[in-house]
Amino acid sequence: MSSVGLDGGGVAALSRGRPSQANGRKQSRVVPGFRLSLGITLFYAALIICLPLATLILVGARLGPADYWAVVSSPRALASYRVTLGAAALATVFNTFYGFALAWVLVRYEFPGRRILDAIVDLPFALPTAVAGVALTAIFAKNGWFGEPLGALGITVAYTPIGIALAMAFTSLPFIVRTLQPVMEELDGEIEEAAKTLGANKVTIFFRVVLPILVPALLAGVSLAFARCLGEFGAVIFIAGNQPYNTEITALLAFIRIEEYDYPAAAAIATVMLGTAFVLLITTNALQAYARRHEIAP
Amino acid sequence: MRRLPVVTAAVLFALGALPAFAEAPSSILNASYDVSRELFVAVNKEYAAKYLKDTGKTLEIKQSHAGSSKQARSILEGLDADVVTFNQATDVQVLADKGFVAANWSEKFPHGASPFYSLPVFLVRAGNPKGIKDWNDLVRDDVKLVFPNPKTSGNARYTYLAATAYAKEAFGNDEAKVNEFVKKFLANVAVFDTGGRAATTTFVEREIGDVLITFETETTGIRKEFGTDKFDAVVPSVSLLADFPVAVVDKVAEKRGSTEIATDYLNFLYSPEGQTILAENGNRVRDEAVAKKFAASFQPVRLVTVDEVFGGWPAVNKTYFGSDGLLDQQLAGQ
Amino acid sequence: MSGASNLDRATSRQGWSRFVLIGGVLLVTALVIGAPVVAVFSQALSKGLGYALESLAHPDTRAAIWLSVTVAIVVVPINTVFGIAAAWAIAKFRFPGRKLLLAIVELPFSVSPIVAGISYLFVYGGQGLFGPWLEAHDLKIMFALPGIILATTFVTAPFVARELIPLMQLQGNGDEEVAATLGARGWQTFFRVTLPNIRWGLLYGVVLCNARVLGEFGAVSIVSGNIRGETNTLPLHVELLYHDYNAAGAFAAAAVLTLVALVTLLVKTLMERVIRSA
Chain B
-19 MSSVGLDGGG VAALSRGRPS QANGRKQSRV VPGFRLSLGI TLFYAALIIC
31 LPLATLILVG ARLGPADYWA VVSSPRALAS YRVTLGAAAL ATVFNTFYGF
81 ALAWVLVRYE FPGRRILDAI VDLPFALPTA VAGVALTAIF AKNGWFGEPL
131 GALGITVAYT PIGIALAMAF TSLPFIVRTL QPVMEELDGE IEEAAKTLGA
181 NKVTIFFRVV LPILVPALLA GVSLAFARCL GEFGAVIFIA GNQPYNTEIT
231 ALLAFIRIEE YDYPAAAAIA TVMLGTAFVL LITTNALQAY ARRHEIAP
Chain W
26 MRRLPVVTAA VLFALGALPA FAEAPSSILN ASYDVSRELF VAVNKEYAAK
76 YLKDTGKTLE IKQSHAGSSK QARSILEGLD ADVVTFNQAT DVQVLADKGF
126 VAANWSEKFP HGASPFYSLP VFLVRAGNPK GIKDWNDLVR DDVKLVFPNP
176 KTSGNARYTY LAATAYAKEA FGNDEAKVNE FVKKFLANVA VFDTGGRAAT
226 TTFVEREIGD VLITFETETT GIRKEFGTDK FDAVVPSVSL LADFPVAVVD
276 KVAEKRGSTE IATDYLNFLY SPEGQTILAE NGNRVRDEAV AKKFAASFQP
326 VRLVTVDEVF GGWPAVNKTY FGSDGLLDQQ LAGQ
Chain L
13 MSGASNLDRA TSRQGWSRFV LIGGVLLVTA LVIGAPVVAV FSQALSKGLG
63 YALESLAHPD TRAAIWLSVT VAIVVVPINT VFGIAAAWAI AKFRFPGRKL
113 LLAIVELPFS VSPIVAGISY LFVYGGQGLF GPWLEAHDLK IMFALPGIIL
163 ATTFVTAPFV ARELIPLMQL QGNGDEEVAA TLGARGWQTF FRVTLPNIRW
213 GLLYGVVLCN ARVLGEFGAV SIVSGNIRGE TNTLPLHVEL LYHDYNAAGA
263 FAAAAVLTLV ALVTLLVKTL MERVIRSA
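Protein chains in written order, with the numbering used here: chain B, -19 to 278; chain W, 26 to 359; chain L, 13 to 290.
Hints in this document: simulated from the structure, not taken from any laboratory.
Incorrect hints may appear among the rest.
As the list claims (entries may be wrong) - Below, in silico cross-link-like pairs of lysine to aspartate or glutamate (EDC-like), each with a Cα-Cα straight-line distance of 16 Å or less:
#1 B:Lys122 with W:Asp353
#2 W:Lys343 with B:Glu240
#3 B:Lys182 with B:Glu166
#4 W:Lys280 with L:Glu147
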């Protein structure tokens, strides 16, 4: 159980099997504190979360449909979506393989340094994104530790879309590992043994038996990671070239619109990001619910 | 219900922690542009010493640095700056339009309220390996440029306009050719940072690009900081005069009772001591005696002004920097 | 859980694929995650330990550290109380709109910090919703401590709640129901029954929340105003020094934040050990 994941909810829920419906929350009014806890939650959610976001939507709405559309579909905005989505996709694909291998190694093998590796996986969560940004930039800049040899091979990372993807991959890695890990832990060897006895080879076992069980959790982790990539700012702005149309992410474009006093445009672009985040969140929750329902029987 | 008081107390604490200053201010805040960091450290030290000598009181001068436009916006949003020392008249004008600064701000101090000026020049790597001499070298295919985003940085707006001014002269106002030239110029930019200093870091520390285009004062500062053997400054045949306007933010100063100190602080910039510090930091100054003393550190250059070439800042903002203005179009064409 | 059975399975596997996989993962991890951390410390010490300590002792840096600590002192308790309340309401009861509430509580997790910062600007900025009212009453929120606190609170809101909700769901309501049946009052039930059950999960959420509070950058960069020694949090100060011709100083400040992150991981690992052995 090395994994009360940093992203808590989904992970821990996955790791511990379905929350037992048998508790019968219907009769649970015996438990005290409903009004107080709900009151605090609603008050806080309204003041801290809903009020600012509602104001944002309001400011964006002041534009009117035609102008709103013109702002969010302007060539520069479209280019920024392309850069952001492209880099996020690249980062997520990388993390899908790397995160899968990392989780697999952590769960399946015992080797010196395993515990340290397990702890280090969470580093991107604990490390401030700005620190990650300056550190990655220092390493991958033309005169950096990795930048110099890579440059000799003709590969530039810093100030290119690859650099953006790298920063995103760094900050979103734990989501995939921590979502997969508990499910892998519950996947005991028996099914694989059974398949083996039936004559399946290792590759077949992996693709036909193991992978299908892991897919829902993997997808949940991927969508969490992808959402995080889309919103990342601190780590990215240091290493991105911030060149409009080429290396300008959507979050930076919203930031720049603010600096230009163009508040409605900033709000409009921010609402696009907000909407995307919300859709991804709903998707993730649905995937996690699905994963929980289709979990292998304990 | 034991928890609510805790929350309330925390919220009240959060809300009540400021405002901290009410009575006679022992500090003022100077909101300035990005690359003036070292300059105002030097100025403030000198002024605080003078203030102590004159009044027997200590004065702390706080600094805030960012792109000039960003600073103006922050002040509109509530940043309590007593004075602004910007690199662009438009950013002061925005404050004047909203009633933060007197409408006649440019007449409140000598020389159009601009105690010093500078110009965009080039900084190249030691020995000038690409042989950069003038603006037309910057549109060559083998040259990569670094300067900040003209949308957020006043510094970069001067650079952009200076390149345009050069092209206007070179092509006799043939708009298509000017446009082509500027497009190429923009296409050669390797990194657009949001502020002048970030651009410096990219060029100097990250070794990106062949030419950094920034204020002369910044190139002087870089060579002072990193060694004159590492970089050469190149002054082009023509450049754009960059005024550095100053103003008291009346709305804030009146509230805080700092008008007198703020005015005195800005006047200090015009005094021989103030002008000397400015010149030492690579700025061209108004005081003739001081200017003469430092004449050797400044190459002669032909300067044109925004008014002469472009018909003033309002016209410039409309034509070039507005949403979907010429700058947007030139960037989009890449 | 990776006990003996895993070990047996592992050792019975063909050696080479195992070594390739482990080696590959370790290598990539060292390059992607390890290298940046090493880089922070090596750059911080590039001008010697003395210089690093000196730049940390600079008044502006000390002010930044103190500001970040102040923000944590205010935000972490607020979000802890909120997290417990939200988890209690969402995990222990069914009510209409519960799922929506859960989504709203989790939203700050997936929304960009930039969106958060911009939203707060629209509410409390001089031209925002409450701007004129705040100005009339001489209250400062933007570009001052309260704004930084609010933006940080938003960004770190879900940490404690997301840790507690699954935990409370798993534990069910049995203990609380028994306590209530035996006549325990509400707060007694909470402090004597629930809190001991969730204490590790709670502590865990608090530790993570704290790490994120200290490290928040995007949202704070919009609401801060960049006043040196006054509204610069430590992560913003890293950026400021970085652009001050002072890379070594910037990395010294970054090293402080990295140390905090490493301590966070250490505490987290130790807590997991306690949970496991419990």
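Hint-by-hint comparison with the structure:
no., hint, verdict
1, B:Lys122 with W:Asp353, "29 Å, violated"
2, W:Lys343 with B:Glu240, "13 Å, holds"
3, B:Lys182 with B:Glu166, "19 Å, violated"
4, W:Lys280 with L:Glu147, "11 Å, holds"
Consistency note: the structure conflicts with the earlier hints numbered 1, 3.
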